[in-house]
Amino acid sequence: MTEEWKFTTKDIAEKPDLFLSGHRACAGCVPATVLRLIMKATRGPTIVTEATGCMEVASSIYPYTSWAVPWLHTAFETAAANASGIEAALKIMKKKGKVKQEHVDVIAIAGDGGTYDIGIQALSGAVERGHDFLFVLYDNEAYMNTGIQRSGGTPHGAATTTSPAGTVIQGKLEYKKPIAEIMVAHEMPYVATASPYYWRDLLAKVRKGLEVDGPAFLHVFAPCPRGWRSDPAKSIEYSKLAVETCVFPLWESINGQCQLSTPSKLVALAPQKKKPVTDYLQGQGRFRHLFKPQNTKLLEEVQSRADERWQRLLKKCQTA
Amino acid sequence: MKSICRQERMALNGDEAVAYAVKQSDVDVVAAYPITPQTIIVEKFSEYVANGEVQTEFVCTESEHSALAACLAASATGARTFTASASAGLALMHEMLFVTSGCRAPVVMAIANRALSAPLNIHGDHSDGMAQRDSGWIQMYAENAQEVYDSIIQAFRIAEDLNVLLPVMVGLDGFTLSHTLENVEALTDDAVRQFVGTRQLPNVLTHEGKAVPFRLDPENPMTIGPIALQNYYFEFKRQQEEAMKKAFAVIQKVNEEYAAVSGRSYGNGLVDAYCLEDAKIAVVCIGSTAGTMKTVVDELRQEGIKAGLLRIRTFRPLPVEEIRRGLENVKAVAVMDKSMSFGGNGGAVFHEVRHVLYDAEAHPPVVNYIYGLGGRDSSPKELRAIYEDLQRILQTQRVKNPIQYLGLRE
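Residue numbers (the working numbering), protein chains in the order written: chain A, 17 to 336; chain B, 190 to 599.
Quick caveat, the hints were computed from the structure, so don't treat them as lab data.
Fair warning: this is a prediction, and the values are worked out from it, not measured in the lab.
Fair warning: there could be bad hints in the mix.
Listed below are the simulated BS3-like cross-link pairs for lysine-lysine, each with C-alpha atoms no more than 25 angstroms apart in a straight line [stated by the list, open to error]:
| id | chain 1 | residue 1 | chain 2 | residue 2 |
| --- | --- | --- | --- | --- |
| 1 | A | Lys256 | A | Lys332 |
| 2 | A | Lys290 | A | Lys308 |
| 3 | A | Lys116 | A | Lys31 |
| 4 | B | Lys570 | B | Lys495 |
| 5 | B | Lys233 | A | Lys111 |
| 6 | A | Lys111 | B | Lys495 |
| 7 | B | Lys520 | A | Lys107 |
| 8 | A | Lys116 | B | Lys399 |
| 9 | B | Lys399 | A | Lys114 |
| 10 | A | Lys107 | B | Lys233 |
| 11 | A | Lys256 | A | Lys291 |
| 12 | A | Lys313 | A | Lys281 |
| 13 | A | Lys313 | A | Lys290 |
| 14 | B | Lys212 | A | Lys112 |
| 15 | B | Lys233 | A | Lys112 |
| 16 | B | Lys212 | A | Lys114 |
| 17 | A | Lys290 | A | Lys250 |
| 18 | B | Lys495 | B | Lys520 |
| 19 | B | Lys495 | B | Lys469 |
| 20 | A | Lys331 | A | Lys281 |
| 21 | B | Lys212 | A | Lys110 |
| 22 | A | Lys291 | A | Lys331 |
| 23 | A | Lys281 | A | Lys250 |
Isolated chain A (complex conformation):
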């Protein structure tokens, strides 16, 4: 990896947006904020390819577009396969003198459905083949574009339209798939998690992912007020609380070496500051049923699961 990318708030503010306003995202949509931030961290000529999903639909309604970079959408499960094709084409066309640019970065973007579920095969294949691209997962934890159906990224206990909180079953029974760890298991050069509240950390990780030679995977936490039944004004607050409660810790894995990122490192150093998960769950309509007296056990399970995963992460980062 090259030397660390230094940037000031002013640099970022002054850099022209590459994900433009005018898109049709909902009020309080964090995925839209995430895309805008990601594009602030690009380092030069860049091609973006995106899976079918909220952001693809909201940003490309013909004849309009929010993309100031070349952008390709083909299908739901194809973001990583597209990136393979683009990268392969750029490589050979450069050799044959058909591409002018010295280097072009390739970014693939997908939601949780396009990553955890329908897109995981293409993602796994592209990473195994070692294509040089950055895959960004904006995780709003359900199929929001089609109306809030559960995905492999939906957390335990959350109510969605296909895992509703009923009289017998209380929301999603299964746990969230550990997607970033699955990507680490691919022995790829760079994997990281990020949250837009900690935007400097997010930007730095995007840049690292682009700079690394080979595939990089960035898992970005992205609240969705429509799907989470939460106050649109609090979306960014939830992206902070998720980190402070260790529901979504921030870390990166460079060539398999795992380390906590500053916001989570601070929690590790001062465990008394670690907030209870209820701070994060409260106010989200999708978790409302967890606060019913009969669901106390379920709420405790959510806490203990978060604690267990946090302890496991701490261990992993210590041995690094």
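Given the coordinates of chain A, assemble chain B onto it according to the supplied hints.
Same frame as chain A, but now just chain B:
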């Protein structure tokens, strides 16, 4: 026609002929996944890559779905791209076939036509190709390994023609063509390279009113593959149909130009008629069966029977005019289908030929022969029986049973 190009006679099976044609066609990206009976194509091409004989990025994907997605993306980046598949692989690509044609990406694909499961069967029939006939791809079916080689080279020109910009699928019958060694006259590398040229890109207008090449280029950012709703989607689809219509002329032109270089042509590129001019009875078929059929026609002709053959080489776009003109003076027609259209009252080729004949001055009686499913062989004797049936139909002017199955235990 005299060949103006030196050619080399090679012993190649159909798959090898594909790989060799792709090798010579200056392809930038090949993304593919192995499936019987297409495997020799990817194996042979991998050898070319491993030996540094091609300037091509070979992406060995984890599925056919990703293979076509990668080809489409590479094509949108401006690359000349190729892939190959068969059967279940083509079926897995189904979604991406529509996306590729909808994005107007001129990807070329060879299909070693094979049966669809279940029951699992690896042998040749046209179930895979026919199931994709409405996917917006130009579809050509070859008769022999020579035509396979020639068609792949032609396909790049057809697909990339600025009046067309549609993906092209070239079908070669599984095992019958894919794995059977034949003599193939190959053009020189230079001749092929000159024939296919470099990929031309159409200019499109950006939102600033600037005319720029249609591709993913950081200098001229462009959004490809957007969402288009009730207000625009329909126009996109209509344009694809227009491109299909324009392909008629382009396929014929490419067939002629190729003949000038190689000395070989396949009818007018769309259909290949054999002894059809004065024929009283005729068979319509696609693919390698035409080769055997021609032998049968020769036999019948020697016996004084006016038999003819119409091979549909280009199935999409359907050469409506050529089929109508070719058959309107024939008194009885048999259409052969190597696939089923379950519950559809006959096979796909039968449906289409019969619909074309509706507009003919005289409607000859038409019978459908479904044959060869799962690679079942059809002998010259069995094929001759079709003409014998046509003679009976000719006498009675009546088709007793319009859907017949050839060589089937019932």
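Status of the hints after comparison with the structure:
1. A:Lys256 with A:Lys332: holds, 23 angstroms
2. A:Lys290 with A:Lys308: holds, 24 angstroms
3. A:Lys116 with A:Lys31: holds, 23 angstroms
4. B:Lys570 with B:Lys495: holds, 18 angstroms
5. B:Lys233 with A:Lys111: holds, 23 angstroms
6. A:Lys111 with B:Lys495: violated, 58 angstroms
7. B:Lys520 with A:Lys107: Between B:Lys520 and A:Lys107 the Cα gap is close to 58 angstroms, so the pair fails against 25 angstroms, i.e. violated.
8. A:Lys116 with B:Lys399: holds, 19 angstroms
9. B:Lys399 with A:Lys114: It holds: about 20 angstroms lies between the C-alpha atoms, which stays within 25 angstroms.
10. A:Lys107 with B:Lys233: holds, 22 angstroms
11. A:Lys256 with A:Lys291: Holds: A:Lys256 and A:Lys291 sit about 11 angstroms apart, inside 25 angstroms.
12. A:Lys313 with A:Lys281: violated, 29 angstroms
13. A:Lys313 with A:Lys290: Holds, because 21 angstroms separates the two Cα atoms, which is no more than 25 angstroms.
14. B:Lys212 with A:Lys112: holds, 16 angstroms
15. B:Lys233 with A:Lys112: holds, 23 angstroms
16. B:Lys212 with A:Lys114: Since the Cα atoms of B:Lys212 and A:Lys114 sit roughly 19 angstroms apart, the hinted pair holds (cutoff 25 angstroms).
17. A:Lys290 with A:Lys250: Given that 25 angstroms is the threshold and the Cα spacing comes to 20 angstroms, the pair holds.
18. B:Lys495 with B:Lys520: holds, 11 angstroms
19. B:Lys495 with B:Lys469: Status holds; Cα separation ~5 angstroms.
20. A:Lys331 with A:Lys281: Holds - the C-alpha atoms of A:Lys281 and A:Lys331 are around 13 angstroms apart, at most 25 angstroms.
21. B:Lys212 with A:Lys110: holds, 19 angstroms
22. A:Lys291 with A:Lys331: holds, 20 angstroms
23. A:Lys281 with A:Lys250: Holds - the C-alpha atoms of A:Lys250 and A:Lys281 are around 24 angstroms apart, at most 25 angstroms.
Of the numbered hints stated above, those contradicted by the structure are hints 6, 7, 12, listed in ascending order.
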